[in-house]
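Asker: Residue numbers (numbering that gives the first Met the number 0), protein chains in the order written: chain A, 0 to 547; chain B, 0 to 343.
Don't read these hints as lab results, they were simulated from the structure. Wrong hints could be hidden among the right ones.
Here are the simulated lysine-lysine pairs, PhoX-like style, with alpha carbons at most 20 Å apart [claimed, not checked]:
id, chain 1, residue 1, chain 2, residue 2
1, A, 15, B, 163
2, A, 15, B, 164
3, A, 337, A, 402
4, B, 163, A, 9
5, A, 239, A, 543
6, A, 15, B, 249
7, A, 523, A, 465
8, A, 317, A, 358
9, B, 164, A, 9
10, B, 252, A, 15
11, A, 476, A, 465
12, B, 252, B, 230
13, A, 48, A, 308
14, A, 448, A, 491
15, A, 308, A, 253
16, A, 457, A, 503
17, A, 408, A, 378
Because the structure is a prediction, the values reported are computed rather than measured.
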Amino acid sequence: MKDFSALVRKVDQTTKTSLRREALVQYFSACSDSDKVWCIALFTKNTRKRPMPSQRLREIASDIVNLPPWLIDESKSIVGDTAETLALLLPEPTERSYKTLSEWMVWLESLKALKEEPERQEHAIKEAWRGLNAEERFVFNKLITGGFRLGIATRTVIKALARYQECEESQIALALSGQWDPMQLTFEELMARGQGSDLSIPYPFYLAYPLHTGPKANDEDQQKALKDLGAIADYQIEWKWDGIRGQLIHRKDKVFLWSRGSELISDSFPDLISAGESFNQDVVLDGEIVAYMDTIEPFEQLQRRLGRKQPSKNMMNKVPVRFIAYDILEINGQDLRKEPLKARRNYLEQFINQHQLEKVMISDTIKVNTWSHLVGLHKQSRQYKAEGFMIKSIESTYREGRKRGDWWKWKVNPMTVDAVLLYANRGSGRRANLYSDYTFAVWSSDDKKTRTLLPFAKAYSGLTDKEITEVDKFVKKNTKERFGPVRSVIPKLVMEIGFEDIRKSTRHKSGFAVRFPRIMRWRKDKPLDEIDSMNRLQHLLDDKQDGG
Amino acid sequence: MHSIRRHPLLEFNSNGIYCAQADVYIDPWRKVDRALITHAHADHARYGMKHYLTTSGSALIMRERIGQSLSIETTKYGQKHTIGGVTFSFHPAGHVLGSAMIRVEHKGEVWVASGDYKIGHDSFGNHFEPIPCHTFITESTFGLPVFRWKEESEVFDEINTWWKKNQSMGYTSIVYAYSLGKAQRVLQGIDPSIGPVVCHSAVQKLNQAIYSAGYSIHSSNSFTEWKEGPKDTLPLVIAPPASADGPWMKNHKPYVTAIASGWMALRGNRRRRNVDRGFVLSDHADWNGLLFAIEQSQANQVLVTHGYSQLFSQYLIEQGWYAHVAETAFSDGFHEVEENQVTE
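The following block holds chain A by itself, in its conformation from the complex (with noise of 0.2 Å):
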């Protein structure tokens, strides 16, 4: 553990991505096997389960430091972290331990068979603690109360390990997607993950770069960008659609459905699965999974699929869904990725008419011949269900990540409500004990007389840095009640607040759900009697149904 911990200072103490890399090439060089498998899990997964909730956590230490709870609470709510929190205030160790991160992590899996004996539990963390140093703690700490996310990127890890390995990326990159679990696997077997020994491994995915520069920018700007791109015919356009972006693998007979998340879905999706199960050839097809009718269904149609595993037959019958491909990565076991896309496509092509299935569609591309036309027909988006177009080079590779250069999403604008700041609460990591995270209202109707407003929406994002502090400020200075970790505060701020999707819902007080709510701009010449009201709501959810 003291290896580990000294490299999670190293990381944390700069802010140079070239010297986090070396001090993971360092730590790799001098660790055990185990211990890289389980760096390479906590730095690069986030999908683990936390042995214990951070609140029992809280009570075990506050017997420890003879404080009061709510002393402890309150500390844990102004440092944004309960881990930490509890490394700063529990005391010195009085005994030293040598475990391992590996160690520790089967000690972890151990803590978690002991739920149903809080008083074993209790008394294991607390023997844990005697045993490590303020820097471990935190290391400690953050293992148990899950969400390792110490500000290390995948592909910094992915760069680390080529570099330890002397291979190339990509093959690193192989090896870390798709699911592997470290208790399991050596660090022998998931480095040969990236050379095939696994049949279901996913490639990982492409991803578009946003056309304009922010979500401010205008029909001029967007113009502007297109043009820049160069000639039309260079490049090949399809629909963005609205569902989950996806990997449909058919290997040896096996078929595997992977999310963007690089998590597996196939049980999720028996319908597209046995769609794959009828590929007379080995292939992997990048693409969409949506929600489908006679057309393409909303989001929050497939939303209903989404995390079922094993959905009845009647629930496949209401929601059907289809596999629209995007690319082809992979046929007859030969990789794709470095052929141009215009001869994907011509692969693509000809392996769907092959086939002819009626779940597995190709994303059709749209011929136009100048840019402008593109933008005529771009604000039709809504009405033909999708957010907008992917630009892609017909040159194009398919290189792994986001990257600039060559592949565009160019999405609709959001819809957009003047909304006022009524609750504020405290975030947590960067914006610890900053007010960040604010919920928003607009009036309840027209009428001046017996208006009152009405939270619709909760955003974190838009705002810079400093626009985050400026609020803070405002926050603290104009607090009406406290709720434990929210403020209610004096309505004044006006905030642009955009969203993707706007549909009925019974579960918000306002009677409306929006899909990505997220700060537009800062209305600060709008006063509070102009901000908009539930007409303004009930006029987005119109016109979306009108479009379609």
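Position chain B against the provided structure of chain A, taking the given hints into account.
Answerer: For chain B alone, coordinates are given in the frame of chain A:
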């Protein structure tokens, strides 16, 4: 004839901490006739008072920063001043050069307005002297149990090691430290044999004033002196936090940055400021320091200001103290906002 005092000895009004009996203010934030100043940081020593009374150390800084023409009467630690029948005296608070706790005595009743303070001795020679009193006014900038300072020498070891490592990798080391107090403390605390120290003009100006007044302080170079001199070893640059990202930095490329501040105890603060390192070095008392000072004061009433006053006073009450929050211009909400800029 006895006058009946209707006011408490010190009270918090819209101008500052007021002693009605003597008609003077301690650290006023609005313009008043007579101001007693605990220390020279900008949120305590403000421009615009007709007359000031403070220690010679604070007076030195105030003249440098606010203006040479201020009307200041200076005093020594422990010296007594009687104003309107009230006896005032200034006692070492250990915060920064010249900082004092102000003891106020009237008819056997003693109050202490502590301003900002720090327990123990620091590298610059500041130290804290507990004063027994009936009412103790305490700050609570770091009034949470997560704030526990290491020994100062340990922190300077960290800074020295960091500086040497940066040198070996070809980087200049830039430490952001508040120009009054922290900057001189860093300058005095680090090992000058490692290399030259270069100070931003805001810091260098104060260093020179302090040196000219006869205080012992290590020598440092201004940017200009550094530019013209030999450059065989990579320097440690001390600059105020507000100068971060300024054009002066390009002369020091490539560099790595650090902040020396008590706030660096929390990862979130450091990551938000986007510096490579945070050195936990504060001129305020930590949690245990605050509790120690209150214990030592033997006070039967504690008034809490500046910082996490709500939480800290609640804790004191649970521990059996008679404590409450004194609202100041820097009461809870406001001070929390300013915490990263606060004089430290």
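Asker: Taken at face value, is the distance from the CA of residue 253/A to the CA of residue 308/A at most 20 Å?
Answerer: holds, 19 Å
Asker: Would the pair residue 448/A and residue 491/A pass a check requiring their Cα atoms to be no farther apart than 20 Å?
Answerer: Holds - the C-alpha atoms of residue 491/A and residue 448/A are around 19 Å apart, at most 20 Å.
Asker: Within a Cα-Cα threshold of 20 Å, do residue 15/A and residue 164/B meet the stated pairing?
Answerer: Distance ~15 Å between residue 15/A and residue 164/B Cα, so the pair holds.
Asker: Are the Cα positions of residue 476/A and residue 465/A separated by 20 Å at most?
Answerer: holds, 17 Å
Asker: Straight-line Cα separation of residue 48/A and residue 308/A no greater than 20 Å?
Answerer: holds, 18 Å
Asker: If you draw a straight line from the CA of residue 252/B to the CA of residue 15/A, is it 20 Å or shorter?
Answerer: The given pair, whose Cα atoms are some 14 Å apart, holds under the 20 Å limit.
Asker: Between residue 408/A and residue 378/A, is the straight-line Cα distance small enough, at 20 Å or below?
Answerer: Within the cut-off at roughly 15 Å; holds.
Asker: Starting from residue 337/A, check that the Cα of residue 402/A is at most 20 Å away, please.
Answerer: holds, 15 Å
Asker: So if I understand the rule, the pair passes when the alpha-carbon distance is 20 Å or less; does residue 317/A with residue 358/A pass?
Answerer: It holds: about 15 Å lies between the C-alpha atoms, which stays within 20 Å.
Asker: Taken at face value, is the distance from the CA of residue 543/A to the CA of residue 239/A at most 20 Å?
Answerer: holds, 17 Å
Asker: Sort out whether residue 465/A lies within 20 Å of residue 523/A, counting only the CA atoms.
Answerer: With a Cα-Cα distance of about 15 Å, the restraint between residue 523/A and residue 465/A holds, given a limit of 20 Å.
Asker: Has the given pair, residue 457/A with residue 503/A, been kept, meaning a C-alpha gap of at most 20 Å?
Answerer: Cα-Cα ~16 Å, so holds.
Checked against the numbered hints above, the structure breaks none of them.
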